[in-house]
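*Asks:* Chains as they are written, first to last, in the numbering used here: chain A, 1 to 251; chain E, 1001 to 1285.
Since the hints were made in silico from the structure, they are not lab data.
Derived lysine-lysine pairs resembling DSS-like cross-links, with alpha carbons at most 27 Å apart: (1) E:LYS1285 to E:LYS1251; (2) E:LYS1003 to E:LYS1206; (3) E:LYS1247 to A:LYS238; (4) A:LYS145 to E:LYS1251; (5) E:LYS1003 to E:LYS1186; (6) A:LYS145 to E:LYS1247; (7) A:LYS154 to E:LYS1135; (8) E:LYS1247 to E:LYS1285; (9) E:LYS1129 to A:LYS154; (10) E:LYS1186 to E:LYS1135.
Just the calculated beta-carbon pair ranges, DEER-fashion: (11) E:SER1016 to A:ALA118: 22 to 32 Å; (12) E:SER1216 to A:GLU65: 29 to 39 Å; (13) E:MET1128 to A:VAL76: 35 to 45 Å.
Even glycine gets a Cβ: it sits at the ideal position worked out from N, Cα and C.
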Amino acid sequence: MDTTIAEATRAEVCAVACAELFRGDGEIVAAAVAGFVPMLGSRLARSTFEPGLLTTDGGPSLTAEPVPLGAAADVVEGWLPFRDHLWLVLNGRRHVIMGPSQIDRYGNTNISCIGDWARPSRQLLGVRGGPGNTLLNPTSYWVPKHSTRVFTEKVDMVSGVGTDRGAHELRAVVTNLAVLDFDTPDRRMRLRSVHPGVAVDDVVAATGFELVIPAEVPRTRLPDAEELRIMREVLDPKGLREREVPSEARS
Amino acid sequence: MSKVLTIEEIVGSLESGMTIGIGGWGSRRKPMALVRAICRSPLTDLTVVTYGGPDVGLLCAAGKVRRLVTAFVTMDSIPLEPHFRQARQTGAIELTEYDEGMFMFGLYAAAHRLPFLPTPVGLGSDVMKINPGLKTVRSPYEDGTELVAVPALTMDAALVHMNRADARGNAQYLGPDPYMDDLFAKAADRTYVSCERLVDTADLAKEGPPQSMLISRAHVAGVVETPNGAHFTDCAPDHGRDEAFQKLYAKSAADPEQWAAFRDRFLSGDEAAYQDAVRVWREEK
Chain A
1 MDTTIAEATR
11 AEVCAVACAE
21 LFRGDGEIVA
31 AAVAGFVPML
41 GSRLARSTFE
51 PGLLTTDGGP
61 SLTAEPVPLG
71 AAADVVEGWL
81 PFRDHLWLVL
91 NGRRHVIMGP
101 SQIDRYGNTN
111 ISCIGDWARP
121 SRQLLGVRGG
131 PGNTLLNPTS
141 YWVPKHSTRV
151 FTEKVDMVSG
161 VGTDRGAHEL
171 RAVVTNLAVL
181 DFDTPDRRMR
191 LRSVHPGVAV
201 DDVVAATGFE
211 LVIPAEVPRT
221 RLPDAEELRI
231 MREVLDPKGL
241 REREVPSEAR
251 S
Chain E
1001 MSKVLTIEEI
1011 VGSLESGMTI
1021 GIGGWGSRRK
1031 PMALVRAICR
1041 SPLTDLTVVT
1051 YGGPDVGLLC
1061 AAGKVRRLVT
1071 AFVTMDSIPL
1081 EPHFRQARQT
1091 GAIELTEYDE
1101 GMFMFGLYAA
1111 AHRLPFLPTP
1121 VGLGSDVMKI
1131 NPGLKTVRSP
1141 YEDGTELVAV
1151 PALTMDAALV
1161 HMNRADARGN
1171 AQYLGPDPYM
1181 DDLFAKAADR
1191 TYVSCERLVD
1201 TADLAKEGPP
1211 QSMLISRAHV
1221 AGVVETPNGA
1231 HFTDCAPDHG
1241 RDEAFQKLYA
1251 KSAADPEQWA
1261 AFRDRFLSGD
1271 EAAYQDAVRV
1281 WREEK
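Let the sequences and hints guide you as you build the complete structure.
*Replies:* Right, here's the structure in full:
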């Protein structure tokens, strides 16, 4: 057994799962806006198997090379201020990873508010770009804490549209426990893989609706030695990924 | 030819019940000096049109907002805005909520005197449900596509904060993103620019390239120099976001007693008093 691979943290497994979302995307903008792990994933994909991807420094600069998390661009290859980014949503050369506050079995998502929209019990961000992203661009989701609060029977305000409401393409949902997709005849959410150390029952218990569970649920791919090196030494030397997905205490 | 005004003259020209656009984005390049001045004015019953940040929070906390038109309210490094949340959760304000691209189309329409602009965005989402006035149109061409007609986001007045401006009202941004400030300027019946530094017209070209001169005097009714006037939001390259102060703001906003103390200390006087209080606070840290 490769000891390097055995030592990969959960956050690193998640980052690689996020990187895998971009496989085959080519020269499109990777808009990984949902947090450190998907941002790291997009830059890792670009550093390894998907070199054509366009990535930003978190601001409006498209960077000539993938930059470490939190770093400004060294060499800039393009400019994508908010107004052009919003037009690019219509143009389509973009794959976005968002973070849902609620998501249902068809991938309808809510980031606007909890409760009745007219008088919410908890106001959140607002719909932001959810309606446009999901209608027009490949969209994936990142959930750092998989729970029945997030995976709900019904979402309170559909801000991102699901497979039953005209979504362009919902590719997958990566969480701290598993990878889920919509690869079923009725486009319902399915368990694609569980991360190392996670049982299928753990995912079922943390999900507030019935998941499609294949007879065999594979293990999520582990980072290889080169991917671990790039994450640890180049793209995230400060370990911001571990803050988003804390590793369980080791014995 | 000079359009230089004071903060008080600008806010004094606004009226209760108006629709006011505010430039910037989230907690970035917000005309906070003008927002603070509105908070201490007698204005009420405002409809505020903005990509929301702490401008929305402060105006909600001061009871100035009747309706908010927005796609989000955030402080970026602190995702949620406490005063805005409270205003929504207590039902203190009405809301018109759009996708952020739809919102931009509304600005483009208003800026160009179009009644609406079409976009597919919004279809299928609950934006159509909570915004029942939104209508759809069909492409008159062979494709026959159904599209949302985003109505023009017209406004009585707009407030934007820029890095440089001249006395005529030409205004320049030096940061990495223009946001939608020129669209706000064109969409409003009249626009007021606050700026970090007022310079001679001849010096604009020394500060940045021609394309950084974002807003033409043709769209500006008045200009005021307010150094650090975007505080505590980001105003690159003049200054970044004051993260420590923003944290203090968010923490104070979450608790009525702490908010009263924050308000007394920072918001009870005019803009000069605010800047002094911030300076003293920073020295004490």
